[in-house]
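Once you've looked at the hints, dock chains U and V against the given chain P.
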Amino acid sequence: MRQMWWKVLCVLMLAYTVVGGFLMPVPRLNIVNETIRNLYFHVPMWFAMILLFTGSFIYSIKYLHSGDLVHDIYSAEFTKTGILFSLLGMITGMEWAKFTWGEFWSNDPKQLGTAMSMLIYFAYLVLRNGLKDEEKRAKISAVYNIFAYALMIPLIWVLPRMVDSLHPGNGGNPGFNSYDLDSDMRKVFYPAVIGWFLLGLWMATLKIRVALLQHKDDNSFQFDTEKQ
Amino acid sequence: MPTNTLVSLVRKDLLIEWRQKHTLFGVLLYVGATVFVVYMMSGQPEAKIWNALFWLTQLFVAVNSVAKSFLQEHPNRFRYYFTLVKPTTFLLAKIIYSTTLLLAMSLVSLLLFNVLLGNPLEQIGLFVIITCVGSISLSVVFTFLSAIAARANQNAALMAILGFPLVTPVLMILSNLALKAISPVYQPGWWSLAAVLLLLDALVVVLGLILFPFLWQE
Amino acid sequence: MRKASILLLLLMLITTLAQAQTSDAAMADGLRANGKIYVVVLVLATIFAGIIAFLVYLDRKIKKLENKK
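Chains as they are written, first to last, in the working numbering: chain P, 130 to 357; chain U, 918 to 1135; chain V, 34 to 102.
Bound-form chain P, shown alone:
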């Protein structure tokens, strides 16, 4: 994790994304116009969020398997970074929606799904803050995290399709159906997703390192008193 190469890769990808995202050719569409370039900035937020939550999920399982508090710290910090990305994704999505479709909040199933997953992870933080004992907090929040993630992911992916299929004609946003990622956009979109995800990973690892230091600090204090 402390290696340099993926951080360099992240910076290069993001630099390419920002420059290419503004300058590369995109399909000309009516309602979305140039805002289709938001695809490189807004959509990767969702990918990063999901991947960070997945990381948190994996470390929760690892925690239950090993009982090592370090894994719990990993899981919690992944979740917090994921929440930051979900907030960014939500705000940018609302800005995009306002200036293309006219409303900040347009009852879009994807938006609903994300709002729900945000509520779920806020509840996770509430649960964590309510528990003082470290071991207990780690165990209970890991159990809730696994439960919530396993319920949330299928619903986020399945529900929009289900709700749409029940209300035919309601689902398609203007412009959204007409873009297929053409080859020009793909050249920027895939690096964008990787770049933003690596940025999220970087941010999460920074938070983890700080939290680990804090954890060590708290425990070493105990150690010192024992020595005396």
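These are calculated hints, taken from the structure and not from any lab test.
Fair warning: this is a prediction, and the values are worked out from it, not measured in the lab.
Glycine included, each C-beta is placed from N, C-alpha and C at the ideal position.
Check before you lean on any hint, since a few could be wrong.
As the list claims (entries may be wrong) - In the EDC-like style, the derived pairs of lysine to aspartate or glutamate whose C-alpha atoms are separated by at most 16 Å in a straight line are:
#1 Lys345(P) / Glu99(V)
#2 Lys97(V) / Asp346(P)
#3 Lys94(V) / Asp347(P)
#4 Lys345(P) / Asp197(P)
Claimed, not checked - Per the computed footprint, the stretches of chain P lying under chain U, defined by three or more beta-carbons under 8 Å from a beta-carbon of chain U, are:
#5 249-257
#6 270-277
Same frame as chain P, now just chains U and V:
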């Protein structure tokens, strides 16, 4: 024999419920009062609103009746139970017990809704079936969450905080399914939606059985 | 201190959004000009603000850790 312990655990919970009639009637009164308040506020609404109000009532009834399953018992008593039975058996017994309770409460509230808020149902049989499936799904999810809340030494409020976002999609699926019993509109995705709901229920039960032992390791 | 800065940030965001809303009738206002490219700028600026907020948060946390030693 695990099935024997399962049966006796469920029977024990139901017997306690029956003997302590005040809690049972407390929940019944809660159901009645909730439906009555809804009636006072909305009168006899149109079918779609009726449906939404019904499922909202179900949610609150579920939180209040299922919360009892873990939260009503003293934490020390659990230590005793776990010397006797396997945790999975214990969770299954609690699920069965709270499902039974919630099934009864849902049917009562359905009856009250019919009496007070009018009857927009086209296919009563189908609606009853969906109500039963719905109360099973709600009680399964909330049983597990009440186990978490009980372990965290918290009250029912924590259970609601944890549970509402998790259960909202389930409620949406349920109310969409129930629309078929209310209006004869053709709904193309109905069967796959029902399949999703059943799969979700199975997922919740399996997850609960896997995760519950971890909650009780001390 | 942190709460105040977050509040300030929110206020700024709200005022800019409100300004954008009032000029809704004319389609050629700032953010919709030039094929709505400034919406993309706004989105990128939001993400930038988020990352900066993260840095400030991390800075404070590390400072707290340093002061302890």
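Against the structure, the hints come out as follows:
1. Our distance criterion of 16 Å between C-alpha atoms is met by Lys345(P) and Glu99(V), whose separation comes to about 13 Å.
2. The suggested pairing of Lys97(V) with Asp346(P) holds, with an alpha-carbon distance near 12 Å, which does not exceed 16 Å.
3. Among the hinted pairs, Lys94(V) with Asp347(P) is consistent with the structure: their alpha-carbon atoms are about 14 Å apart, no more than 16 Å.
4. A C-alpha spacing of about 13 Å is found between Lys345(P) and Asp197(P), which places the hinted pair at or below 16 Å, so the restraint holds.
5. As drawn, the segment 249-257 of chain P meets chain U at 4 residues by the rule of a beta-carbon pair under 8 Å; at three or more, the given contact holds.
6. Closer than 8 Å: that is the beta-carbon criterion, and the segment 270-277 of chain P has 6 residues meeting it against chain U, so the requirement of 3 holds.
Violated hints: none; the structure is consistent with every hint.
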